[in-house]
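Listed here are the chains, written in short residue letters.
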Amino acid sequence: MSVQLLVSGISLGAVYALIAVGFAIVFSILKFSNFAHGGMISACAFMGFFFQRMFSSPPPFLITVLFSALCGVVLSLLIDTAAYRRIRAKQAPNIYYFLASITVAILIEQVLTVFFGKNLYGYPNIFKSTTFTIGGIRFSSMDTLILIISLVILSVLIYVINRTRIGLAIRAVAINPATSRLMGINSDRTILLVFVIAGALAGVSGVLLGAKYSVYPTLGSSMMMKGFLASVIGGLGSLGGAIAAAIALGMIEIILTYFFGALSIPVFLFGIMLVFLAVRPEGISGKFAKDKV
Amino acid sequence: MKKTLTLCLITMVLSISIMGCAGEKDAGPEKQQNGTEGSVADGKEENAGSEEPIRVGCIQDTSGGASLAGQPNQWGAEYAVKVINENGGIHGRMIELYSRDCQNDAEVGVTCYRELVDEVGVCAIIGPPLSNPASAWVELSEEDQIPIVGHFMDEVCTTDPDTGEAYPYMFLAEPSCSVQSRILASYAMENLDVKSVATLFNSSNAYAAAHEAPFIDYIESNGGQVLARETFTWTDTDYTAQAQKIASLNPDAVLLCDYCNQMVTSYDNLRDAGYKGIILGANTMYPPFNELVKNDIEECYFVQNYDLNNGKIAELVGIQQKETGTDYPTSNVGFGWDAVQVLANAMMQASDPANGQEVRDILEADTREVESCGGSKITIDPATHRPTLDMGIYIATYDENKQVKCLEYITLEQ
Amino acid sequence: MSNYQLSLVMLACISIITVSGVFTMTSLAGMFSLGQAAYMSICAYLTFCLARYLGLPVWITAVAGVGTSVLVAWIISLPALKLRRDYFSLLSVGFGQMVSAIVILLGDFTNASIGFSKIPKVKHLVWIILGITAFIVFMVRNLKYSRFGRMCIALKTDEIAAGSFGIDVYRLKVKIYMLASAIAAMGGICYGLRNRVISPDAFDWSLSAEMQILLFFGGTNSLTGSVISAAVLKVLPEFLKGVKVFGISLQDCKTIIYCVLIIVVINFRTEGILGERELDTKLLGSLFRKKADGSRRDGHEG
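Protein sequences, first through last, are from chains X, A and U.
Read in order, the letters of the first sequence are residues 1 to 293 in my numbering.
Read in order, the letters of the second sequence are residues 1001 to 1414 in my numbering.
Read in order, the letters of the third sequence are residues 2001 to 2302 in my numbering.
The hints are simulated quantities; they were obtained by calculation from the structure and are not laboratory data.
Mixed in with the good hints, there may be bad ones.
To be verified - Label-pair restraints from in silico Cβ distances: (1) Lys2121/U <-> Glu1408/A: 42 to 48 Å; (2) Leu2106/U <-> Ser57/X: 51 to 57 Å; (3) Leu1192/A <-> Phe115/X: 38 to 44 Å; (4) Arg189/X <-> Asn1250/A: 41 to 47 Å; (5) Pro2079/U <-> Thr1163/A: 29 to 35 Å.
Quick reminder that beta carbons are idealized off the backbone N, C-alpha and C, glycines included.
Please build the complete structure, drawing on both the sequences and the hints.
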């Protein structure tokens, strides 16, 4: 039983990890919490759904994922242009980013509710059977797919960030955009690239979540808190930390729910958050802890 | 430049509000409701005919979390009023229906109620199938003498839980959730040989909580065993842990009683966890549940207020689907229709249909055998303001083609 | 005035109270909290549950309710205010969810998700709520111009510099947080008295987010701006009922419109519509004096 629980916990954690990374990337570069990420996830889930419904027989799942990633990129750049760019240019305090991102998140959710709230939608089945068993433990097919895709994407991302020049540019801009410009790095373009990556991640997350659950307007925002928490506990500026924290979060959640019921989760999470952030604010492996004044 | 922009913004906001005030007169009755030409947008004008129209309010959730149910509900009520007006209205007086959106929020519901009663001057209200807004009106309706007929299934909306007496001006036009859950439980125990149950529901959802408690109550008082009562909240998207716990206990049946989205996830999680037993559902298990679940639908039994393939309700949902473009038929269309029928039945018997107190007295004492669009008859029990126990509910299941099939019509009287 | 118009007035007042509370925290001390609705919830439930089960009048249990909110705020703020601002906001959302979960766990007393209804009617409620609103706005305004308020603004502008002036940054933040929670608590009581039913769903994070949005719309540093925007934007949807644009009712879109307006305001006029400007007697006085001066000057030149 406990092995089964662990497996489910890891699967849930993989879902959170995908969201946490998209979140962490923007957080580490721009130092603000991009709440709009949740809205992008919901919007991409819808767009992917309508895309694959356009065809008489559903196209291969990967095509939908790629299309959705593309939509995510476009949406992310749109949000940046409309909401964040001027704030960045004015160098306004962080609070405005936060507020703008929350407003965008609410806006996207409302738009989806007004136009698409009337019906419920769900992706068609991609697997013949939803579970498969290995050695007495049930694995959910969808969860395993999500785990595999998450790991692939995340390893690609970590490779890019740590081993390529573009990744170097991203890390430099994360530390200080102004100095990076002095070093010949185009900070603005790097920031755009970060939004592109976050958008693509949102697109992929959206389709995977939509396929796992169903497609409805609050799909993204319901996962946001957990993703946010995972990326914060994992530590700013650290993707590996965000992933580890997300998987740990998934396992804790499953185990707590099993033994104490679902209502204990908000109480425990709050307590864990409080203690953890007070004791180790830089997260599991992060670097930035205090407010830069 | 900045000053101009600020001025522009302020002007825009002001102009929208002025436009809104001017347009407010259009917030009156829908044009198609009125058979006569005289009763125009103002809503306060009198008819070309000699009789004043009867103003009835309709409060539904058309844009909030339960709008999937609220929109068909509103459509059903409006259509019923249209049909009544086409057939001569209430002794020649036309009904004007004023619809408002309460967004499943008690505060907005109170504002809508106040506006309808004070500004529009309605004499009765058709209520939503939601208990949160309705529980805010229980005392208001008595103070203002406005009878409210609706589908707020929770018994606390029609009877005071402390004294057991009915709230004088609240009326329910379908079997309460307690009755529905008990019917489901009795069917499970008697026809499906269920002896042990578990429940999986959203404890922050009033609808779910109000269904789960009477179900457990019935099971326990009839010798059954409750193995687990697992909960989740709005913010949870995954119930794997709860499902695995239930699967390992392996009860004969599991009750799911949430809104469609959560039911889909619960069902999938349960089947994925290896649970092979019977799954019982509340009346929200209708399509698109069958299309959204990833697992096969087996051993699934749920309650339905109407058999959507037969009778007047079939005709109504057909028209509603065509007019509004919704993909799936819902029973809520029938709810709106039924509530209006019950109210109109009382108004027909009243000497002054606009007199709230008189209509309320008739609703309480003389609502007998009102024809519901599902074919059954509604009689209001004066002690509870809910239908008498001869109004029952269908037990339905999904057949091999994943279509809803109604098996039996059961009432608690048996 | 009809009951409907009175209920709109009460709606605006409750909005003003809650936004004033958020103003104290965000504008005076720079803390961004998405958990104020949780304090409304704690106080409302405590007040009305005690009133019903112990048979005490509401104004006595209200004291207990507000007191408990302040106590909880104190306990939470001690560790939470040591964190950076983003974490603090995250924590406040978690706090809100925790309070909702606790309310449901205590369902035997609070009726959980079904809602705690039949809160008794209070006569002349409008005057009571108007009185509370006026008192709170007056208090916050005086706070802003007092020594306490100036310390807060110093704190918000630059914590390290403020600390170097001898301001105990941490204790000040704790005091502000407790004050803001007390104001939110009173807002919760008024909410319960107006609607006569409270449920955990009513006090979720979207309510807190709405308060923040109203605050920023009116002006981060302007109490007048916040009060006006709180009242106007909350009540505006009532007047927009029935207006249809492109076949979609404007009331459904109201949140969309607000969000778009907020994004526009943030982008083009980051300080909010009224910015720093406040309505006060000096301003009114100077307006009159300008007119007088102008006429004198004209007379002189003419």
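**Request:** Please flag the earlier hints that this structure goes against, numbers listed from lowest up.
**Result:** 4 and 5
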